[in-house]
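If you read the sequences in order, they're chains A and B. Quick note on the numbering used here: the first sequence kicks off at 1 and runs consecutively. Quick note on the numbering used here: the second sequence kicks off at 1001 and runs consecutively.
Take every hint as true, because none was put in to throw you off.
Taking lysine-lysine and the DSBU-like style, the derived pairs with C-alpha atoms no more than 35 angstroms apart in a straight line are: (1) B:Lys1142 with A:Lys370; (2) A:Lys370 with B:Lys1019; (3) A:Lys370 with B:Lys1139; (4) B:Lys1108 with B:Lys1128; (5) B:Lys1024 with B:Lys1050; (6) A:Lys73 with A:Lys265; (7) A:Lys370 with B:Lys1024; (8) A:Lys402 with B:Lys1097; (9) B:Lys1135 with A:Lys133.
Source of the hints: derived by calculation from the structure; they are not laboratory data. All values reported here derive from a predicted model rather than from experimental measurement.
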Amino acid sequence: MNIKDIKNYFPVLNQEVNGHPLVYLDSAATSQKPIQVIEALKKYYEFDNSNVHRGVHTLGNRATDSYEGAREKVRKFINARSTKEIIFTRGTTTALNTVAAGYGRQTLQEGDEIVITYMEHHSNIIPWQQLAKEKGAVLKYIDLQQDGTISLDAVRAAITSKTKIVSIMYVSNVLGTINPIKDIAKIAHDNGAIIVVDAAQAAPHVKVDVQDLDCDFLAFSGHKMCAPTGIGVLYGKEALLDNMEPIEFGGEMIDFVGLYESTWKELPWKFEGGTPIIAGAIGLGAAIDFLNEIGLDNIAAHEHKLAAYAMDELEKIEGLQIFGPRDPMQRCGLVTFNLDDVHPHDVATVLDMNGIAVRAGHHCAQPLMKWLQVTATARASFYLYNDEADIDRLVAGLRSAKEYFNDVF
Amino acid sequence: MSFNNLDQLYRSVIMEHYKNPRNKGILQENNVTIDMNNPTCGDRIHLTLKLTDGIVEDAKFDGEGCSISMSSASMMTQIIKGKKLEEALELADIFSKMMLGEEYDLDKYDLGDVEALQGVSQFPARIKCATLAWKAMEKGVKSEAQ
Chain A
1 MNIKDIKNYF
11 PVLNQEVNGH
21 PLVYLDSAAT
31 SQKPIQVIEA
41 LKKYYEFDNS
51 NVHRGVHTLG
61 NRATDSYEGA
71 REKVRKFINA
81 RSTKEIIFTR
91 GTTTALNTVA
101 AGYGRQTLQE
111 GDEIVITYME
121 HHSNIIPWQQ
131 LAKEKGAVLK
141 YIDLQQDGTI
151 SLDAVRAAIT
161 SKTKIVSIMY
171 VSNVLGTINP
181 IKDIAKIAHD
191 NGAIIVVDAA
201 QAAPHVKVDV
211 QDLDCDFLAF
221 SGHKMCAPTG
231 IGVLYGKEAL
241 LDNMEPIEFG
251 GEMIDFVGLY
261 ESTWKELPWK
271 FEGGTPIIAG
281 AIGLGAAIDF
291 LNEIGLDNIA
301 AHEHKLAAYA
311 MDELEKIEGL
321 QIFGPRDPMQ
331 RCGLVTFNLD
341 DVHPHDVATV
351 LDMNGIAVRA
361 GHHCAQPLMK
371 WLQVTATARA
381 SFYLYNDEAD
391 IDRLVAGLRS
401 AKEYFNDVF
Chain B
1001 MSFNNLDQLY
1011 RSVIMEHYKN
1021 PRNKGILQEN
1031 NVTIDMNNPT
1041 CGDRIHLTLK
1051 LTDGIVEDAK
1061 FDGEGCSISM
1071 SSASMMTQII
1081 KGKKLEEALE
1091 LADIFSKMML
1101 GEEYDLDKYD
1111 LGDVEALQGV
1121 SQFPARIKCA
1131 TLAWKAMEKG
1141 VKSEAQ
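Sequences and hints are given; from them, build the entire structure.
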């Protein structure tokens, strides 16, 4: 990977912020977009803008071809068996809500168990909380080990014959931990449960293979993997999706509409009510082409290297506490930390004044913050366009923040 | 690295309030309790007020947050003590205008330490931190005034 060339694909990176060259370390919140994706959106709106599956005219055909072409790219990207298993959604949150409201509402009985973990993003907690309340089901949490990883013993202890749904993130957006999804899927299936995977932080960074993982549903967002905001994917095994009722009705998803009864289109369109997110899907397709060209394995290796370097360098800063596993191979390319008594907001502001963008707050993971016994943390998250020089800037910024607050205190 | 801009935000009086907050704690004798949080970052404030005969007799705050939110709470509790309820609300309005960079009446009140927070208006991402305690106070006073 030639990082200099890759950086050049991202016009946004070529700017100064607060008088300093921008260092963007907030890709876990949203990634930057390469020129290839921006051009794909521009081309669609300049030449092909039209609704899909409706018009018999040329523009309509072009838009439909590009939209469905993007679905095929997603299928290959995650190695699904069929494009029937690929539903375009607004993002991970909508995808997980679709599973909870569609599959969960239809199948759960009172007393059934839903199993999640303490590290989940709010998007993978609240839909299950709501479902559990509605159905009288029990929401259970898998405990974490001290270093922020999950042991299979803890998984086995939490999943029982009463468990019907296990929903877990592939990669933690706070701890960086990569969870053993394949093993957890086997435990879930052995107990008669299905497994739902929140791959929002995995799909952009590691090769996701839904057949190898044997997951039943998997959700991710486009905007964290170089695509535009507002597009995401719900993968589901065809047999499960076939038996699920849609949760949004009208427009694109209908087959026949009578006065009192209607029928739905077949998969995947029965879950795509209204005019779909056409430009978003096309942008996602372009992002997948871009990522494939560089290679997910290369991206993952690059991020592991950056995470290892970042942790080595950050550990040299006295009073800096890093959360999550120490072994860089057990984690993705993000590092979450706190600096002495300086509140992460204050750290982030000092870094911002030096042109360095990081995230500070609870990262939509309040139960995990409670588990870590902190109210907030700072997080630097890397992507394919970051390099060691960016991390050096972060480290220098943190040293200056420490110095600054030591002086003013 | 240059800290000129940062000095606008982290004036020494702010950091002094952060380090030595005034009125930190919970009023045992209170008639108004307000809990408010900033959902994007998890900062939270627990404000207790003793409002007697249309006057803010006492105020204390508890909570967790960044230097700006906690020092602002400290200054807010300091300035509203002894004020009439309508004066407290007017101060909240002045503070809001100060944060938004709008004009406000400079002559009516001696803002004291609160003036140090003026620089926050140059940092849009931090305005919510500074206004948390004031919004809590406004809510509490309004609930009592009704």
